[in-house]
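J.: Listed here are the chains, written in short residue letters.
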Amino acid sequence: MLSARLTLAAAALCAGITAAAAKDIPPGDVKIVDGKLAEAVSDTAASAADGRKFFADRKLGNCLACHANSDLSEQQFHGEVGPSMDGVGARWTPEELRAIVVNSKAVFGAQTVMPGFYSLEVGKDVAEKFQGKTILSAEQVESIVAYLATLK
Amino acid sequence: MSRKLILAAATAAVVSVGGALVASADPVDEELVIDGEIPMVIRTKAPEGHPFDEVLSGWLFRTPETRSLEEDTFTNPGMLYVERGEEIWNTVEGEAGKSCASCHGDAAETMAGVAAAYPKWDADAERPINVELQIDKCRENNMKAEPYKFDAPEQRALTTFLKHQSLGKPVQVDLSQGDMQSWWDQGKEVYYTRTGQLNLSCASCHEENNGKYIRADHLSQGNVNGFPTYRLKQGNMVLLHSRFRGCIRDTRAEFPAPFSDELMALEVYTTWRGTGLSVETPAVRQ
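Going line by line, the protein sequences match chains X and G.
For the first sequence, the numbering used here begins at 71 and goes up steadily by one.
For the second sequence, the numbering used here begins at 606 and goes up steadily by one.
Possibly wrong hints are sitting among the right ones.
[Said to hold, decoys possible] Okay, the calculated bits of chain X under chain G, using three or more residues with CB under 8 Å as the criterion:
| # | region |
| --- | --- |
| 1 | 108-119 |
| 2 | 127-139 |
| 3 | 191-203 |
| 4 | 206-215 |
[Said to hold, decoys possible] Think about it this way: if two alpha-carbon atoms lie no more than 20 Å apart in a straight line, the pair counts; the simulated DMTMM-like pairs of lysine to aspartate or glutamate are:
| # | chain 1 | residue 1 | chain 2 | residue 2 |
| --- | --- | --- | --- | --- |
| 5 | X | LYS199 | G | GLU859 |
| 6 | G | LYS838 | G | ASP822 |
| 7 | X | LYS129 | G | GLU867 |
| 8 | X | LYS129 | G | ASP634 |
| 9 | X | LYS194 | G | ASP855 |
| 10 | X | LYS194 | G | ASP711 |
| 11 | G | LYS774 | G | ASP711 |
| 12 | X | LYS129 | G | GLU859 |
| 13 | X | LYS203 | G | ASP822 |
| 14 | X | LYS194 | G | GLU859 |
| 15 | X | LYS194 | G | ASP822 |
| 16 | G | LYS817 | X | ASP156 |
| 17 | X | LYS199 | G | ASP822 |
| 18 | X | LYS194 | G | GLU794 |
| 19 | G | LYS793 | X | ASP195 |
| 20 | X | LYS203 | G | ASP855 |
| 21 | X | LYS175 | G | GLU813 |
In short, the hints are calculated from the structure, not lab data.
Note that beta-carbon positions come from the ideal geometry of N, C-alpha and C, so glycine has one too.
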């Protein structure tokens with residue numbers, strides 16, 4: 071575990087990736103097992119308050135586009151493509167929530183409409199500025215997971 | 606099994622959240638009659654091989670305000686483009702010294718019902734062409750004028766005018782001409798291919814989730830019978846290939862060029878999906 075981290079850090083340094091990224095598990099190395107992802111994808115302390123903002127932010131999670139959420143009743147438009155987030159922290163463990171947000175397809179199957187937010191399994195013809203990038207950073211994923219866990 | 610139950614419970618919760626948060630999402634059960642005179646087919650039995658039983662016009666998914674704008678040609682902002690299109694129809698342009706009217710006369714007679722059958726196989730180009738490309742073809746070959754730049758205001762107006770001559774006529778593409786069937790196949794492939802960082806296909810939104818809200822937007826079946834449509838958000842007429850580009854861009858994908866093989870195939874396929882719906886041009890949308 072420690073040695074894996076060191077190897078990752080070394081690899082990241084060799085590739086010239088920034089210091090912040092060195093603490094993240096790269097999306098290609100994430101291993102979801104039985105619908106769970108036990109290990110945090112980022113070392114940075116997660117903030118549920120930030121996660122709440124990322125959830126609604128159209129440029130970040132934009133989770134509200136597809137999920138209603140009573141905790142965000144100050145926001146005007148809530149989508150209904152996916153289930154309501156009310157009580158989601160009681161229905162799923164943090165390990166399951168992390169797996170869902172990181173790569174929903176590894177949990178719900180390839181057919182799900184929900185995007186994988188920390189995954190490089192993407193569609194055809196990704197626009198240049200998004201190529202090789204995940205929708206959310208590892209740190210943003212952890213904050214959203216921390217936020218979802220509060221929705222009991 | 607338990608996950609199914611959880612999802613079912615969660616879905617029920619969306620309904621109970623109700624009221625302020627989630628607006629009622631079913632398409633309305635209403636009739637559309639333009640100016641109290643021209644009845645529109647806005648729901649009809651789907652053609653054979655279609656994933657739905659019934660195809661529905663996007664009009665049914667819009668707000669009462671937006672719907673009523675389209676009901677009356679005096680309030681329909683798209684009618685200004687029809688008028689502008691008529692002026693262009695009668696204007697001489699190009700080295701041949703002709704207008705569209707020089708050869709085709711009164712569009713209300715000669716073009717009645719014509720655009721409802723587009724896209725059509727074009728034997729010269731050996732590919733399907735839409736109304737925009739037929740206009741360009743006549744401009745180049747018959748008027749000795751330049752083709753329009755994509756999305757030029759004149760292209761939008763003249764396309765709107767020509768489509769409007771088919772108002773109320775059922776959309777019907779002829780797949781037996783030329784290679785139309787293989788273009789349909791290719792279009793279907795495009796329709797179901799997931800694109801972009803968000804990894805979504807047309808079907809992810811318009812087939813699996815029509816009738817639901819995605820943030821503020823009420824998802825329709827994505828039918829094309831109203832194009833060019835007047836979009837209130839843009840305050841302008843929107844050509845079909847611009848709408849395609851917008852939807853593809855929203856998946857964070859690079860979008861194909863207008864009138865490219867990919868988008869022409871998609872036009873053939875999506876037009877077929879709306880077979881039997883009335884041409885509504887200029888439809889009013891949000």
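J.: Confirm or reject each hint.
T.: Each hint, compared with the structure:
1. Counting residues of the region 108-119 of chain X whose beta carbon lies closer than 8 Å to any beta carbon of chain G gives 0, which falls short of the minimum of three for the stated coverage.
2. As drawn, the region 127-139 of chain X meets chain G at 6 residues by the rule of a beta-carbon pair under 8 Å; at three or more, the given contact holds.
3. Counting residues of the region 191-203 of chain X whose CB lies closer than 8 Å to any CB of chain G gives 10, which reaches the minimum of 3, so the coverage claim holds.
4. Residues of the region 206-215 of chain X lying with their CB closer than 8 Å to a CB of chain G number 0, which falls below the three-residue condition for coverage.
5. Our distance criterion of 20 Å between C-alpha atoms is met by LYS199 (chain X) and GLU859 (chain G), whose separation comes to about 10 Å.
6. Restraint check for LYS838 (chain G) and ASP822 (chain G): the C-alpha separation of about 12 Å stays at or below 20 Å, so the hint holds.
7. Annotation: proposed proximity of LYS129 (chain X) to GLU867 (chain G) is violated, straight-line Cα distance about 28 Å (limit 20 Å).
8. Restraint check for LYS129 (chain X) and ASP634 (chain G): the C-alpha separation of about 35 Å exceeds 20 Å, so the hint is violated.
9. In summary, the hint linking LYS194 (chain X) to ASP855 (chain G) is supported, as the alpha carbons are separated by about 13 Å, within the 20 Å threshold.
10. Between LYS194 (chain X) and ASP711 (chain G) the CA atoms are separated by roughly 46 Å; this puts the pair beyond 20 Å, and the hint is violated.
11. Taking the CA atoms of LYS774 (chain G) and ASP711 (chain G), the gap is about 18 Å. The hint holds against a cut of 20 Å.
12. The suggested pairing of LYS129 (chain X) with GLU859 (chain G) holds, with an alpha-carbon distance near 17 Å, which does not exceed 20 Å.
13. Taken as a hint, the LYS203 (chain X) and ASP822 (chain G) pair is broken in the structure, with Cα atoms around 27 Å apart against an allowance of 20 Å.
14. Taken as a hint, the LYS194 (chain X) and GLU859 (chain G) pair is honoured in the structure, with Cα atoms around 9 Å apart against an allowance of 20 Å.
15. Of the pairs offered as hints, the one joining LYS194 (chain X) and ASP822 (chain G) is violated, with about 24 Å between alpha carbons and a cut-off of 20 Å exceeded.
16. The hinted pair formed by LYS817 (chain G) and ASP156 (chain X) meets the criterion: a straight-line CA distance of about 18 Å does not exceed 20 Å.
17. Restraint check: the Cα-Cα separation between LYS199 (chain X) and ASP822 (chain G) comes to about 26 Å, which exceeds 20 Å; the hinted pair is violated.
18. For the hint pairing LYS194 (chain X) with GLU794 (chain G), the CA-to-CA distance comes to about 12 Å; that is within 20 Å, so the pair holds.
19. Distance check on the hinted pair: LYS793 (chain G) and ASP195 (chain X) sit about 17 Å apart at the alpha-carbon level, within 20 Å; holds.
20. Taken as a hint, the LYS203 (chain X) and ASP855 (chain G) pair is honoured in the structure, with Cα atoms around 16 Å apart against an allowance of 20 Å.
21. The straight-line distance between the Cα atoms of LYS175 (chain X) and GLU813 (chain G) is roughly 16 Å, inside the 20 Å bound, and the hint therefore holds.
The structure fails to meet hints 1, 4, 7, 8, 10, 13, 15, 17 from the earlier list, while all remaining hints are met.
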